[in-house]
Amino acid sequence: MDEDWFLQNETAREWFDRVRILEREVSTLKAIIRTLKHQKIEYRIDQLHIESLEGILNIGISAYDEETQNEVLQELKHEKQSSEDESAN
Numbered sequence: 001m002d003e004d005w006f007l008q009n010e011t012a013r014e015w016f017d018r019v020r021i022l023e024r025e026v027s028t029l030k031a032i033i034r035t036l037k038h039q040k041i042e043y044r045i046d047q048l049h050i051e052s053l054e055g056i057l058n059i060g061i062s063a064y065d066e067e068t069q070n071e072v073l074q075e076l077k078h079e080k081q082s083s084e085d086e087s088a089n
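First residue of the sequence shown: 1, per this note's numbering; consecutive thereafter.
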């Protein structure tokens with residue numbers, strides 16, 4: 001009986017420690033994402049040598065298909081709304 005309790009307790013402790021590690025990793029990744037969102041991206045299009053101009057020029061985020069593009073746009077809208085809600089509070 002005591003051995004079973006010890007094994008269960010040890011397993012629970014291992015899972016608890018793993019969850020704490022993962023929470024720290026998530027927190028770190030969120031901080032990195034916030035930093036990346038606030039970085040200014042400068043495009044130096046004037047430095048490109050263009051011999052002919054035809055077709056489509058995609059600058060920034062390009063989605064592989066319309067569904068992916070719509071998902072990205074919805075996510076950006078949701079993030080913008082969330083930040084506006086936080087600013088209002």
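Read the hints as simulated data drawn from the structure, not as lab findings. It should be emphasised that the depicted structure is a prediction, and the values quoted were computed from it without experimental measurement. Idealized CB from N, CA, C, for every residue including glycine. Treat the hints with caution; some may be incorrect.
[What the hints assert, rightly or not] What follows is a set of in silico ranges between Cβ atoms, one per label pair, in the way DEER data are often shown:
(1) T35 with A88: 33 to 43 Å
(2) A12 with E79: 27 to 37 Å
(3) S52 with E84: 41 to 51 Å
(4) L53 with K30: 34 to 44 Å
(5) L29 with V72: 15 to 25 Å
(6) D65 with I32: 37 to 47 Å
(7) L73 with W5: 44 to 54 Å
(8) V72 with I32: 37 to 47 Å
(9) T35 with D4: 28 to 38 Å
(10) L53 with Q74: 49 to 59 Å
(11) R24 with L73: 39 to 49 Å
*Just pull the numbers of the violated hints for me, sorted ascending.*
1, 6, 8, 9, 10 and 11
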